[in-house]
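S.K.: Spelled out, the chains give:
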Amino acid sequence: MFIIGELINGMYKDIAKAIQAKDKSVIQRRALEQIEAGADALDVNCGPASKDPVNDIQWLINSIQEVTAKPIAVDSGRPQVIEAGLKVLKNKAIINSATADEEKLEPLIALAIKYNARLIGLTISKKGIPQNKDQRLELAALIIASAQGKGLPVEDLYLDPIVMPVNVAQPQMKDILESLREFKIISDPAPKTVVGLSNVSQGTCQRSLVNRTFLIMAVACGLDAAILDPLDKELVDSAITSDLILNKHIYCDSFLDAYRKK
Amino acid sequence: MTVELVKEKWSNAVATVVIGATKEEGGTRSQAVECAGEEGLPFLFAEGKITHRPVIAMEILDLEPDDWPQSLTSAIGDVIKNPVDWALKCEKEFKADLICLRLQGAHPDALNKPVDELVKTVKDVLKATAIPLIILGCGEDKRDNEILPRCAEAAKGERILIGEAVQGNYKTLTASALADGHNIIAQSPIDINIAKQLNILISDMALPLERIVINPTVGALGYGLEYAYSIMERARLAALSGDKMLAMPFICFVGLEAWRAKEAKASTEEFPAWGSQVQRGIIWEALTATTFLQAGADILVMRHPKSAEIVRKHIDELMGSLTV
Chain A
1132 MFIIGELING MYKDIAKAIQ AKDKSVIQRR ALEQIEAGAD ALDVNCGPAS KDPVNDIQWL
1192 INSIQEVTAK PIAVDSGRPQ VIEAGLKVLK NKAIINSATA DEEKLEPLIA LAIKYNARLI
1252 GLTISKKGIP QNKDQRLELA ALIIASAQGK GLPVEDLYLD PIVMPVNVAQ PQMKDILESL
1312 REFKIISDPA PKTVVGLSNV SQGTCQRSLV NRTFLIMAVA CGLDAAILDP LDKELVDSAI
1372 TSDLILNKHI YCDSFLDAYR KK
Chain B
7 MTVELVKEKW SNAVATVVIG ATKEEGGTRS QAVECAGEEG LPFLFAEGKI THRPVIAMEI
67 LDLEPDDWPQ SLTSAIGDVI KNPVDWALKC EKEFKADLIC LRLQGAHPDA LNKPVDELVK
127 TVKDVLKATA IPLIILGCGE DKRDNEILPR CAEAAKGERI LIGEAVQGNY KTLTASALAD
187 GHNIIAQSPI DINIAKQLNI LISDMALPLE RIVINPTVGA LGYGLEYAYS IMERARLAAL
247 SGDKMLAMPF ICFVGLEAWR AKEAKASTEE FPAWGSQVQR GIIWEALTAT TFLQAGADIL
307 VMRHPKSAEI VRKHIDELMG SLTV
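Here the protein sequences come in this chain order: A and B.
Under the working numbering, think of the first position of the first sequence as 1132, with each following residue one higher.
Under the working numbering, think of the first position of the second sequence as 7, with each following residue one higher.
No wet-lab data here; the hints were simulated from the structure.
The C-beta atom is built at its ideal place from N, Cα and C for all residues, glycine as well.
Each hint can be trusted.
Simulated restraints, written as ranges between beta carbons of each label pair:
id	chain 1	residue 1	chain 2	residue 2	range
1	B	Glu31	A	Ile1347	47 to 57 Å
2	B	Arg240	A	Glu1233	43 to 53 Å
3	B	Gly248	A	Lys1218	23 to 33 Å
One chain only, chain B, in its complex shape:
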């Protein structure tokens, strides 16, 4: 007797978000990236159509990071001193699907860079690269409300993904995304209720649901990974069961989280029993990423080129497109 697999029937699909615009669409990207749109749980191809593969964005900063471990910065190379070169290397050499530019230098405690300088960086990165762009503020609400609308304006027509809107600060950014035709990242602190509420608040301002991406906030392996996973899983189950206010793609900042972990950062000398730091860091980021793929991540924001390569290969295998 053959055992028949139980197949779930879903009534709703995750929205498809399009990032980037080609020349014909009013932008300058070589091609747009279509995210999500899945009609079932991750990689369960028998239950629902999965049209788009998860994508990898590589994270760059507008200043040389001072708290990234050497094992990470050396893999990126000298380009780390210059966001434009860094972005170009991510595109050409590291095969990123998207660039994620974090304007860390805008933070009052960092360089408190003037807006014009940040706008120039955005324009320069767009000019040098051809893949779609994600722009993140510095995380300080007041400063972000000052700089992000100007950056959004500078990228008008490029249909970027811009973030991050939070429950206490979403109006300025939403208005900007609306005015300049961009997509928005809605961040909630590992809280499904706030994620849903924020999506409602943003959509109440007339931004279409298919222009919102959820950042559910995740934790690295060993730092709340399971909890974040369960929140994403619950949201995705609700989305597929019909909850349109949760049916958006997920963006997961796995690089940010993994490279904060002691296990990724600590040197080999400090913990000889843990093995090579270089390998450990790469594995920490890759494993965090592949776990969230199973929870429904649609955009992974990564830092180490080797981790990104491992994860890309893993996605190829999961999507069944790898010919071995």
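Isolated chain A, as found in the complex:
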């Protein structure tokens, strides 16, 4: 399981404050905490309050790169902010994210190729969030075709089926899980899959339990990566154990420590 830590996001008050005050130590500490807890990559988002996202994203990335060489997911809805981030990025890059609208997808695929980055493609379009598996697969196929057409290796593509909160879209949960499995058979080589996990528990009173349970089920459906809170120890422990059960790493009595030390 490729774990992308979600905690460097201006949506969190302490991060927003650190961005405003340009206090590197807060950002660097949060980066290292997440890595120590098991994150393989870090998502970076300036948040809605940022008045100067182009500079803020660069400052965030530079601050993080001083303390770790882990991959960074540049997270923004605006391509110019993403490109600003990619320009200063020395670590491996992930673009988070493109939607399945040709006019939005194309420039981001071009950026991914230019900066040798991986790309997260959301199966969502201007028509809205898909309501069933078939709509998700249609959008996934569109993203894959577009990537292939432009020359972005499919292995560098992470498809996100858009996870809805369980209390909003309960009938869709099964479809979302099945989509993960079916994305894999659209092309050979297969694309990778990713979810923004925390959304599934939005508004519920058992967030950690809902996140954890969904993640385990998704891993069983072939999920490759997740954007999540790595400081939720039980969540990461469950992800590691799911991988263990799928024979992705070798058992030993200290398998949780062994994974985190990898």
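Start from chain A and add chain B according to the hints.
M.R.: Leaving out everything else, chain B in the frame of chain A:
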């Protein structure tokens, strides 16, 4: 149409372990031996860099072995009575890359030798030879915890490889290796889960991963060779795929295992249909060794000089350095 070979891409390399220290490095060896560091499966040069060739250590005991067949002892010669002469012959005549000194005489059921005598043997062997040294205890935990720290201390600066740490007894030896700057052998009983666990336990005591060598425990041809092979193969695949806790060199005691086999030991008179005992024993050890080379063995510990010679030639051929 040309057929393109499928090439695997690996994300991790096996650690490089350095055994022996030269004068400049604080030791007295003529040169250090660098082991492993391979970036792909054995001898698949197209998949990953293989910088170091597998090496051969020749095993000597601190007492004259009483259970080795005559076909083996006679090939070694009279020096078998004296570990220092034996070591020297391994270096000069048998062209060993390393000496592996097994302190069998320390065992309470053998000679229960006093520590000072064992320390003297270690020092004498180091003085007489110039190639790097491996030191093994007698296999009895309590005695090993008594003798190995003293031997490690006596070899301080020489960056030896010392063993063996096991899951139930690793702390004393790890502390010694840390204190005296040595490498350690972590032995697991043909069990990949224990191999990984033991490496974690040892590294938790702050011994760097590149100072651990895995003894996966092997079996000779006919005695579990395939099973041992599959365990090593699985560990190596995991190591190359990113599991740092299994990405250490393998040491295989092929001499120990092969010369235990009935097929290597039984006399020609006893089994005339099996052919010459001398040839049979040599082949048994050489074949066991060459098989484990393919499973990823980085250090082969061997006993018969002829088997060692055959295997060295085979390694030359595999590494492509032999000009025929």
